[in-house]
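**Student:** Single-letter residue listing:
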Amino acid sequence: AQSVTQLDSHVSVSEGTPVLLRCNYSSSYSPSLFWYVQHPNKGLQLLLKYTSAATLVKGINGFEAEFKKSETSFHLTKPSAHMSDAAEYFCVLKTSYDKVIFGPGTSLSVIP
Amino acid sequence: GAVVSQHPSWVICKSGTSVKIECRSLDFQATTMFWYRQFPKQSLMLMATSNEGSKATYEQGVEKDKFLINHASLTLSTLTVTSAHPEDSSFYICSASRELASTDTQYFGPGTRLTVL
Numbered sequence: 001a002q003s004v005t006q007l008d009s010h011v012s013v014s015e016g017t018p019v020l021l022r023c024n025y026s027s028s029y030s031p032s033l034f035w036y037v038q039h040p041n042k043g044l045q046l047l048l049k050y051t052s053a054a055t056l057v058k059g060i061n062g063f064e065a066e067f068k069k070s071e072t073s074f075h076l077t078k079p080s081a082h083m084s085d086a087a088e089y090f091c092v093l094k095t096s097y098d099k100v101i102f103g104p105g106t107s108l109s110v111i112p
Numbered sequence: 113g114a115v116v117s118q119h120p121s122w123v124i125c126k127s128g129t130s131v132k133i134e135c136r137s138l139d140f141q142a143t144t145m146f147w148y149r150q151f152p153k154q155s156l157m158l159m160a161t162s163n164e165g166s167k168a169t170y171e172q173g174v175e176k177d178k179f180l181i182n183h184a185s186l187t188l189s190t191l192t193v194t195s196a197h198p199e200d201s202s203f204y205i206c207s208a209s210r211e212l213a214s215t216d217t218q219y220f221g222p223g224t225r226l227t228v229l
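First to last, the sequence lines map onto chains Y and C.
If you read the first sequence in my numbering, its first letter stands for residue 1, the second for the next number, and so on.
If you read the second sequence in my numbering, its first letter stands for residue 113, the second for the next number, and so on.
One or more hints might be untrue.
[Unchecked claim] The calculated DSS-like cross-link candidates involving lysine-lysine, where the alpha carbons are at most 30 angstroms apart (straight line), are:
hint	chain 1	residue 1	chain 2	residue 2
1	Y	Lys58	C	Lys178
2	Y	Lys69	C	Lys167
3	C	Lys132	C	Lys178
4	Y	Lys99	C	Lys167
5	Y	Lys42	C	Lys176
6	Y	Lys99	C	Lys176
7	Y	Lys42	C	Lys132
8	C	Lys153	C	Lys126
9	C	Lys153	Y	Lys42
10	Y	Lys68	Y	Lys99
11	Y	Lys58	Y	Lys42
12	C	Lys178	Y	Lys99
13	C	Lys178	Y	Lys68
14	C	Lys132	Y	Lys99
15	C	Lys176	C	Lys126
16	C	Lys126	Y	Lys99
17	C	Lys132	C	Lys153
18	Y	Lys99	Y	Lys42
19	Y	Lys99	C	Lys153
[As the list claims (entries may be wrong)] Interface residues of chain Y toward chain C, partial, derived using beta-carbon atoms under 7 angstroms:
hint	residue
20	Ser28
21	Ser32
22	Gly43
23	Leu44
24	Leu46
25	Lys94
26	Asp98
27	Phe102
28	Gly105
29	Thr106
Derived from the structure by calculation, the hints contain no laboratory data.
On a predicted model such as this, the values are computed, not experimentally measured, just so you know.
Ideal Cβ positions, reconstructed from N, Cα and C, are used throughout, including at glycine.
Chain Y with its partners taken away, still in its complex shape:
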């Protein structure tokens, strides 16, 4: 069975401190993994994706994620949080063009 787990439903960090949003997956096939961000009243925006090339993926707005097959993880990180990073973050698994599984989401709060 394929699944995506986001271990934290809510993460709160102070502005300027590192961000870590955790994602674990389960898949029998080679996965493609994505991180999307959803700001209130806005559409989902792609942050980055892993597609079996480099395991360390750099995305927009200073975010990056590392694919670790041994740990079945794809955690999202950012060295320094900004107020504008406050949003809902989704880890997404795809194993074929039409098999899409969203994680439950992590709400990120940034404290000034």
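Chain Y is fixed; fit chain C onto it per the hints.
**Tutor:** Okay, now just chain C, sitting in the frame of chain Y:
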């Protein structure tokens, strides 16, 4: 580039009526389009996948006759909620991909909020 629009952005309808939601890829041709439903404070649930010119593939538990999907062209897909009821009230989001590949990025529309009275 890769902009997806949805229309309307919000709609209120009476119970028993049908509502059509449009999803358009504005600057690219979308081989595949996806329809999702999102309840408040929850994640997105995939309802169906459609390829241009063929029937949609529905996820388990999604009623085909209730949620009619038409992917008439490479830039347009429509979702019709037939005989809507209050429990159909939700946020409906579409996305589009250029290719038939798991590695291809989905580009999301801004969503349509449906309220059924």
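**Student:** Indicate, hint by hint, whether the structure satisfies it.
**Tutor:** Hint check:
1. Y:Lys58 <-> C:Lys178: With Cα atoms ~41 angstroms apart, lysine 58 of chain Y and lysine 178 of chain C exceed 30 angstroms; violated.
2. Y:Lys69 <-> C:Lys167: Roughly 35 angstroms separates the two Cα atoms, so the pair is violated.
3. C:Lys132 <-> C:Lys178: Holds, at roughly 12 angstroms.
4. Y:Lys99 <-> C:Lys167: With a Cα-Cα distance of about 16 angstroms, the restraint between lysine 99 of chain Y and lysine 167 of chain C holds, given a limit of 30 angstroms.
5. Y:Lys42 <-> C:Lys176: At roughly 28 angstroms apart (the allowed maximum being 30 angstroms), lysine 176 of chain C and lysine 42 of chain Y satisfy the hint.
6. Y:Lys99 <-> C:Lys176: Distance ~18 angstroms between lysine 99 of chain Y and lysine 176 of chain C Cα, so the pair holds.
7. Y:Lys42 <-> C:Lys132: Roughly 21 angstroms between the alpha carbons, so the hint for lysine 42 of chain Y and lysine 132 of chain C holds.
8. C:Lys153 <-> C:Lys126: Judged against 30 angstroms, a Cα distance of about 25 angstroms means the pair holds.
9. C:Lys153 <-> Y:Lys42: holds (14 angstroms)
10. Y:Lys68 <-> Y:Lys99: OK: lysine 68 of chain Y and lysine 99 of chain Y at ~21 angstroms, within 30 angstroms.
11. Y:Lys58 <-> Y:Lys42: holds (23 angstroms)
12. C:Lys178 <-> Y:Lys99: With a Cα-Cα distance of about 22 angstroms, the restraint between lysine 178 of chain C and lysine 99 of chain Y holds, given a limit of 30 angstroms.
13. C:Lys178 <-> Y:Lys68: At roughly 41 angstroms apart (the allowed maximum being 30 angstroms), lysine 68 of chain Y and lysine 178 of chain C break the hint.
14. C:Lys132 <-> Y:Lys99: holds (25 angstroms)
15. C:Lys176 <-> C:Lys126: Satisfied, since the Cα-Cα distance of roughly 21 angstroms is no more than 30 angstroms.
16. C:Lys126 <-> Y:Lys99: violated (34 angstroms)
17. C:Lys132 <-> C:Lys153: Holds, at about 24 angstroms.
18. Y:Lys99 <-> Y:Lys42: holds (24 angstroms)
19. Y:Lys99 <-> C:Lys153: holds (23 angstroms)
20. Ser28: violated (13 angstroms)
21. Ser32: At 5 angstroms from the nearest chain C Cβ, serine 32 of chain Y passes the 7 angstroms test, so the hint holds.
22. Gly43: holds (4 angstroms)
23. Leu44: Leucine 44 of chain Y check passes; min Cβ-Cβ to chain C is 4 angstroms, inside 7 angstroms.
24. Leu46: With Cβ-Cβ at 6 angstroms, under 7 angstroms, it holds.
25. Lys94: The hint holds - lysine 94 of chain Y has a Cβ within 7 angstroms of chain C, the shortest such distance being about 4 angstroms.
26. Asp98: holds (4 angstroms)
27. Phe102: holds (5 angstroms)
28. Gly105: holds (5 angstroms)
29. Thr106: violated (10 angstroms)
Checked against the numbered hints above, the structure breaks hints 1, 2, 13, 16, 20 and 29 and satisfies the rest.
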